[in-house]
Amino acid sequence: MRADVVVVGAGPAGLASATRLAEAGRQVLLLARGNGFTHWGAGSVDVLGRVGGEPVERPLEAIDRLPEGHPYHLVGQAAVRDGLDWFTRFTAEAGLGHRGDPERNRGQVTAFGTLRPTCLVPEPAAGELQGRVAVVNFAGFRDFSPALCAQRLRRSGIDATPATAPLPAWDHDRYFTGVELARAIDDAGFRRRLAPGLARAVAGAEVAVVPAVLGVERGHEPWADLQSLVGTPLVEAATAPPSIPGLRLFAAYRARLERLGVRWQFGFPAVGVERDGDRVTAVRSEGASRVLATRCQELVLATGGVAGNGIEANRDGTLTERVAGLPVDGFPDRLGFLGDRFLGDQPMAAAGVRVDADLRPVDASGEPLVANVRCVGGLLAGHDPTVEGSREGVALATAARVAALLAATPVR
Amino acid sequence: MTGGVRPPLETDVVVVGGGVTGVAVLRDLALRGVHAILVERFDLGTGTSGRWHGLLHSGARYAVRDQESARECIEENTTLRRIAPHTIEDIGGLFVLLPGDDEAYAAQFVEGCKASGIPTEELSAAAAHRREPLLAPDVKLAFSVPDGGIDSWSLLRSMAADAEARGCRVLVRHPIVGVERAGDRITAVRVHDAVAGQDRLIGCQWVVNAAGAWAGEVGRLAGVPITMIAGKGVMVVMASRYVRGVVNACRKPADGDIIVPQHEVAILGTTSEQVPSPDDISTPLADVDRMIDMCAQMVPAIASGRVLRAFAGSRPLYKPEAPAGGDGPAAAGDTREVSRTFTVLDHASRDGLDNMFSIVGGKLTTCRQMAEAVVDRLAERMGVTEPCRTATEVLPGADHGHHEVAAPLATVERDQAYGELICECELVTRGQVREAVASGLTELEDLRRRLRLGYGPCQAAFCAWRAAGMLAEGSGKPQGGAPVDREAQPNQPDGDGARAPDPVAGLERFLEERWRGQRSTIWGDQARQALLNHAIYRGIFDLQGDGVPDEAAAVNEPPTEPGAGDPTRRVGRELVGDTEGRASSRADGA
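As given, the protein sequences belong to chains U and D, one line each in that order.
Quick note: the first sequence, position 181, residue 181 per my numbering, numbers continuous.
Quick note: the second sequence, position 118, residue 530 per my numbering, numbers continuous.
Just chain U, same shape as in the assembly (with noise of 0.2 angstroms):
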């Protein structure tokens, strides 16, 4: 097998770097192990939630107090604004609109009625919590409790009230997810019989907090149509994984990456690289049966980091790095991978491979190892994703970078 680049690794940072890549004429590969973060995340774009614990109010310009080699000094400003008005492009053409400000973070209701602090969220996520709001669960559905929701909302000023919503009799009035209940929703006559209870539940609160259910093979149209039918705003909250939000999103970019011609391959999990001198020259992935060398001239790794599988944590403290046995600093013992608290920072979070402006991986001394892999995304060190709130924010910023660097890379 041969391709020009191959990206590894199918989260925030390799969906978008591999479109951007093919947008700049590359020919793509793209190759996962499975799904990533879209699937996990809250369904928004974080680019920088809190700084030492404090929640953060404009992103760009908190990114000035973030350590020394953090991803985001690596690749400027610039990089972040670009990959941000990009990702505000592609969704809104994707009919995945997205509502917010670069300049200024917002509230993003979640199931537990806090208001996590997000740069750009889906337009179903973005109304304003305003007045009377009602915050309804549909009957049966177990990753939702409105009183949860509602007693934090109210702790927060907002005057919430919880209800339940019955659903119209379907196939599934036993037991469901939120996958089938967002797929029943997608049905436009599902709707129609859905919209009176709900707008009963409401009882003419002023808006109303639902699961992020509204539907996930229809982009953003289900949300429009039962918000028009109920006569209310409706916001989703973020819930637990998985995402539906983060679903719509995965199929947004798998059209475009398909429609770009990029070729895909799921479930085959790169294991390791042959190289040349300081290039590598293909990749190794576990195919059902055998092992698969795909020749390459460019890899980017979006492999992630130990949440993401990029990073193997072993026993005796060390981390190693998946794909290309690129150099991750560990700890002593692995007690040094973990905080105290849960609720706290935890070390081996924002473990990662350690890069130059250009994204290639450095060794102790800041030298280039390779000369044609570039990571991207959660990969990288000196960040913490979810501590932080920026892990849609650096995979968008690093993809806006490697899609620079290599676009103006003449093909060999």
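Note that these hints are calculated values from the structure, not bench results.
All of these numbers come straight from a predicted model, not from anything done at the bench.
There may be inaccurate statements among the hints.
Stated by the list, open to error - Here are the in silico distance ranges between beta carbons for each label pair:
id, chain 1, residue 1, chain 2, residue 2, range
1, D, S536, U, G272, 42 to 48 angstroms
2, U, G267, D, P549, 31 to 37 angstroms
3, D, A818, U, E23, 24 to 30 angstroms
4, D, P637, U, P67, 52 to 58 angstroms
5, D, E825, U, A188, 33 to 39 angstroms
6, D, A519, U, T177, 57 to 63 angstroms
Yeah, the Cβ is synthetic: ideal placement off N, Cα and C, and Gly gets one too.
Based on these hints, arrange chain D on the given structure of chain U.
What follows is chain D alone, placed relative to chain U:
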């Protein structure tokens, strides 16, 4: 919340300690028609009874060195199978001989089992592998013994329910903080209602100290010296069972020589180390690694398996006062040399305190026998002639037969409750959580012990917040039962939600407590799991760990009241102070 004294209670016997021993004592008293109240500082089974490997001993482990214990074990093993089969997995056990193990020990083992009345059967290596395919290929031979698995929480609940049905009472979250004495008699026990934040007197004729590893502290409150040795054991939980039955190493008991499959997991045990306090439940990395490496000698797949967590418990070992001659047990810090048998202390003859007994030592397998022994002595002094019936009266639930590991799945399939699962790992359904919440449980920790919520490979990634939501739905509805559904009157305010316990704070406490048990076992897949969980709770839900409200914190603090400086109250305060990161939320209507 201020301290105060609630109206006193009256009973014949106060039993101190809500582990298996104390609850077995309570049930024994109830069956003899004696009224008793059990007081427990946290929930039932939060001490050693909930921090062990779950092995229903055949006694074979003690057959070579401690045949008195061995005989007690096999006798009680048989009795428990009769009275509490529903708490037992009838899985049997093997003692396996590995290369390098002493064959002379194996011969002694067979002899010891015979002498102790423990049936054994020798299996060839091939027969052993047929029974346990994951055993090391180089196993030389094995002996089968009637070991089993036992769920101590289920046993505790059954015994407590039986005692309560017969008129006795269980007061959890009521640490003992002192005793009232008149001369040589205790007239009342003072407890602290940690939920209401008030002290309470329980007038009584007799006291049974069944506080296990903490018996010395209760003795101190009563003014009698009891020297307990805290024998810490570290255990490791694997994400799957690996073995069909219990697997033991056929050698002198040592670190890492037992594998007990339990529910969906396997527990590797144990270390045995004397520590200054039974509250030392730390799990050093070296101990965890040793458990894994030693047990992997018997079952090699464990070496590369997924490790869920590690925990430690404290054996309630009793050190007799100044034994004639000997220089006392456990001189070298290895507490395995201390007998696992038990002792009844009559503090009248021993210390001149007329109406208190302590029951010390022993092990879970012998808890019923321990209760019988102490209650026999107590009944004699009380003039109660009713004989002990605990060995013959079966426990509520016994008609279900032995617990089968596949039973929860069969139930879920029968009820078509797949989507009703709150905890996928342990197959806990919405109905079970709803019922537990309706019965008054307000803490996720209590749901965990009741339902095994959060025990599985994902370590509460999904179940904890779902259950917290159900607690939120249940709050403001002390009678529980009906789920919140405001469809009919959607603008009804959310009960008295403002006064209800904050389920988010409870969730954060639960997560932190779970975290403590995970830290020493996080690498590989479990490292990814930990970060994914972190991404859910901290990333998506934006929990920052700052949600513990004042009133929940209050039950973790000593009550501010006159006498708080009294040294006899110091123990009580430590008992209230939460050694496990737990706290009681204020109950509804309290």
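Hints versus structure:
1. S536(D) / G272(U): 42 to 48 angstroms: holds (43 angstroms)
2. G267(U) / P549(D): 31 to 37 angstroms: holds (33 angstroms)
3. A818(D) / E23(U): 24 to 30 angstroms: Check failed, 53 angstroms falls outside 24 to 30 angstroms.
4. P637(D) / P67(U): 52 to 58 angstroms: About 57 angstroms separates the Cβ atoms of P637(D) and P67(U), which means 52 to 58 angstroms holds.
5. E825(D) / A188(U): 33 to 39 angstroms: holds (35 angstroms)
6. A519(D) / T177(U): 57 to 63 angstroms: The hint (57 to 63 angstroms, Cβ to Cβ) holds, given that A519(D) and T177(U) are roughly 58 angstroms apart.
Going down the numbered hints, you'll see the structure goes against just number 3.
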